[in-house]
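Given chain B, work out where chain Z with the ligands should sit, using these hints.
Residue numbers (our numbering), protein chains in the order written: chain B, 1 to 236; chain Z, 1 to 353.
Simulated from the structure, these hints should not be mistaken for lab results. All C-beta atoms, glycine included, are put in the ideal place defined by N, C-alpha and C. Any given hint could be a false lead.
[As the list claims (entries may be wrong)] Here are the simulated distance ranges between beta carbons:
#1 B/A109 to Z/Q26: 51 to 61 Å
#2 B/Q193 to Z/V107: 56 to 66 Å
#3 Z/A31 to B/V104: 33 to 43 Å
#4 Z/E331 to B/G85: 24 to 34 Å
[Claimed, not checked] Derived DSSO-like pairs (lysine-lysine); straight-line CA-CA distance at most 27 Å:
#5 Z/K343 to B/K130
#6 B/K183 to B/K126
#7 B/K183 to B/K108
#8 Z/K224 to B/K108
#9 B/K112 to B/K183
#10 B/K130 to B/K112
Read off the chains here:
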Amino acid sequence: MLLHIDSIQTYYGSIQALKGISFTVDQGEIVTLIGANGAGKTTTLHTLSGILHPRHGSIFFEGQPIHTMPPHAVVRLGIAHSPEGRRVFGRLTVAENLDMGAFVRRDKAAIKQDLDRVYTLFPRLKERQKQLAGTLSGGEQQMLAMGRALMASPRLLLLDEPSMGLAPILVDLIFETILEINKQGVTVLLVEQNALMALSIASRAYVLETGSIILSGTGKELLNNPDVMKAYLGME
Amino acid sequence: MAVLRPAGEFDQSYAYDMATMRRRWQWLALAGFLALLYALPAYGSPSLVSFVNRAAMIIIAVQGLNILTGYTGQISLGQAAFMITGGYIAVLLVTRLDWNFFLALPVAAIGAGLVGLFFGLPSLRVKGFYLAMSTLAAQFIIPWFLRNAFPEVLNGAQGLNAPPPELFGVVFNQPGRFLYISLTVLIVTTVVAHNIGRSRLGRAFVAIRDQDLAAELLGINPFKYKLQAFFLAAVYAGLSGALFAFHLRHVNSETFSLNDSVILLGMLIAGGLGASVGPILGAVLIQGILELATMAGPAVSPFLPSAAAGAVQALRPLFFGVVLMVFLIFEPRGLAHRWSLIKAAWRLRPFSH
Ligand SMILES: Nc1ncnc2c1ncn2[C@@H]1O[C@H](COP(=O)(O)OP(=O)(O)OP(=O)(O)O)[C@@H](O)[C@H]1O
Ligand SMILES: [Mg+2]
Numbered sequence: 001m002l003l004h005i006d007s008i009q010t011y012y013g014s015i016q017a018l019k020g021i022s023f024t025v026d027q028g029e030i031v032t033l034i035g036a037n038g039a040g041k042t043t044t045l046h047t048l049s050g051i052l053h054p055r056h057g058s059i060f061f062e063g064q065p066i067h068t069m070p071p072h073a074v075v076r077l078g079i080a081h082s083p084e085g086r087r088v089f090g091r092l093t094v095a096e097n098l099d100m101g102a103f104v105r106r107d108k109a110a111i112k113q114d115l116d117r118v119y120t121l122f123p124r125l126k127e128r129q130k131q132l133a134g135t136l137s138g139g140e141q142q143m144l145a146m147g148r149a150l151m152a153s154p155r156l157l158l159l160d161e162p163s164m165g166l167a168p169i170l171v172d173l174i175f176e177t178i179l180e181i182n183k184q185g186v187t188v189l190l191v192e193q194n195a196l197m198a199l200s201i202a203s204r205a206y207v208l209e210t211g212s213i214i215l216s217g218t219g220k221e222l223l224n225n226p227d228v229m230k231a232y233l234g235m236e
Numbered sequence: 001m002a003v004l005r006p007a008g009e010f011d012q013s014y015a016y017d018m019a020t021m022r023r024r025w026q027w028l029a030l031a032g033f034l035a036l037l038y039a040l041p042a043y044g045s046p047s048l049v050s051f052v053n054r055a056a057m058i059i060i061a062v063q064g065l066n067i068l069t070g071y072t073g074q075i076s077l078g079q080a081a082f083m084i085t086g087g088y089i090a091v092l093l094v095t096r097l098d099w100n101f102f103l104a105l106p107v108a109a110i111g112a113g114l115v116g117l118f119f120g121l122p123s124l125r126v127k128g129f130y131l132a133m134s135t136l137a138a139q140f141i142i143p144w145f146l147r148n149a150f151p152e153v154l155n156g157a158q159g160l161n162a163p164p165p166e167l168f169g170v171v172f173n174q175p176g177r178f179l180y181i182s183l184t185v186l187i188v189t190t191v192v193a194h195n196i197g198r199s200r201l202g203r204a205f206v207a208i209r210d211q212d213l214a215a216e217l218l219g220i221n222p223f224k225y226k227l228q229a230f231f232l233a234a235v236y237a238g239l240s241g242a243l244f245a246f247h248l249r250h251v252n253s254e255t256f257s258l259n260d261s262v263i264l265l266g267m268l269i270a271g272g273l274g275a276s277v278g279p280i281l282g283a284v285l286i287q288g289i290l291e292l293a294t295m296a297g298p299a300v301s302p303f304l305p306s307a308a309a310g311a312v313q314a315l316r317p318l319f320f321g322v323v324l325m326v327f328l329i330f331e332p333r334g335l336a337h338r339w340s341l342i343k344a345a346w347r348l349r350p351f352s353h
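Chain Z extracted, bound-state conformation:
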């Protein structure tokens, strides 16, 4: 009897079922994946645990950059300096004022955010290349300040040591335990970043990036929103830097450098600007490649006699450079774009081509 039903009726409910099933399936897959990550210390090698820790913290810094550069279109070369800022603030709050790490973490993030906002002020007047140059200033001024100012507090070039975080008697003194912190913060930052992307704030960012004249005519105050983007980017950097300081148990004025700011930008480009999965894909890929390069360094050094001594250092930038070139040429929209194509194809299965 089904043949007598008007065409299209069943299609609708079928499509509906498929959509809810897909959503349920996706949530289950995500929950399973997160469970696997949280359980990693039980079955993963120490080096894998350390890698996931590092990747999680780096992703957070790239997510911040994505808000500023990806959504709002403001290029920044200062992200590493705001990471150091967050690291110093968190360590000082814990060691000098006896704060708990978990209280110091958000305060350090906001502190770094305010410093980032200050260095975003030139965006009132300059754009593009000139703005990139002025964010570069942060990369020189902040480390200089930390090395030279208040030596009895900041301890000059030596920097500061950090105790392990502690909560309700649990001491997070090994990578396997620290993982719970870095993953949890990452989940929070990912949810927040994803929602910013879809909110009124995110729309304003995109409007400024794509059509700044039209954005202004519609009542968006570009300066206000650019500063908010600088603030948020530096809050994310501050979180990342504070986590790193307590993971490494140390921070100094060179813990993160201009080199890292550039790599973070490269990760964002490889992942895809202005998409919320971009930072995750880009950071994991590039960090993975960089660490493979470090491991491959000693293995190939016999074949590179002249560079043998510094083979490890020599190969990392080489790999980074090559990967970046490949992305710029073959996948300028980043892995996030590829990811959405794959998702679309999967949705159309079995009729995809």
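Extracted from the complex, chain B is given alone in its bound form:
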């Protein structure tokens, strides 16, 4: 088990956003967390990467408790997080943004290899190396945010709504790339509102509703579950 989350409860002041969530991610999987607006998906990822700390419960990465660690320590363990809304450095170039992704690393040769890997995954980024990230399109910024996270050479990649606001053709491309990244050996925890796409590439999935997990199963099982279809896929 790569990641084990054990009944975490996270609060914003006195407001409880996560009401005791437990789930696991195994080595090599794509696991997805789906749910409506405000369900607590982003809060879960922020708790994983140390931006927030759970008031109760624990998180283990490769058996090691990480729920009290600050974000800069969590990254160094091999968890990279591509945040909601991309948050690229608009006044830096594409290449400089990718360079920032490797901030915690010193192994120059391996960094260069990872840069080549990112440019192979996203040829568009290579073409635009010298462009300021703030002037990229939304899709390109999403590629950059994912590429930047990969530059940390993570074993676990956290993706928060990578398809948000993208045209369907780009959504397909992003999801294909997620599959490709996973094939290269990176375990993925994917948060999505686009349940149909997320479930179709995920090995396992959890459904989050107002801070609790209400359903879980393989991607296929949930895709064929009438309740899920109705609630998240807009189908009767």
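Positioned in the frame of chain B, the structure of chain Z with the ligands alone reads:
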């Protein structure tokens, strides 16, 4: 036969020549300008020499503020207090412990840096306006301490007098000689600041300023880097304040005030936040305008009868305020931005429009 060459080949070498020529030309121009500045005592008027001295020392303080506010995005209203701190430490080391000025200078800078780091601690918890308020605390606590604590050492409100710096028998006892010190320190601080801006450290600063969440997720510890920025800003302030103390041969708890902290921020805004030429352009412009205002004061006082007595004092803030407003409205990115536009146009000549 040249027409038979593939298109573009010659362009490349031409562009290459132009780039190296430009670089060589720029270095020559810079060296010439510095030589002119160093030779200033030989041909410049005493008031011009004094102005360049003051401008150099002020630029150093603004460069420090640029690291903290420009690159890292942390507003500070305490820079003047750290200047006083550097001044006191340097003067005490020289007068009490008989240190040479040139040894006391870096130690005073580091001392001021540590004090600045202490007052940067609230940046762990607060941002923006609240952080500005907490740096304001330095502006009250430090002068109060210097006025009231250890009167037999700090000499209360009277402050401390400083002897002129000395090195290998040369006494830097006039502005014309002091200029060599202030210019040399300025060159060092400029090179260091420029390199910080381009280093891993500078990238971390900018990342925290522009996207603090993403910065944290990439492994940047914001608190650590904010404290480093506070430290560096106060080191620069300490250098500036120590130089001022030995230039004026005196320092007291009011040598630099909240007013100066605000003016330093104004200079940074006018020059351009987060660009290494910004502090130089902003400090020279604003200081120039303020000193012109001082000179113009007596000249216009007949026309301002009610303010006549205090015309000199009255006009400085007025000029500062007006210039700041003009910049905020018409050139919010500062002179450094204009400077880079001019450089770009020059590079494209003769095809610029
Ligand atoms: N900084 C905050 N302060 C207070 N409450 C917050 C804060 N951030 C989120 N919340 C609340 O916590 C709950 C979970 O929010 P979260 O952002 O995790 O949802 P989400 O599932 O990511 O939603 P979306 O799909 O819209 O991104 C929501 O009710 C939200 O209002
Ligand atoms: Mg969210």
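(Q) Under the constraints set out in the numbered hints, which ones does this structure not fulfil? (A) 1
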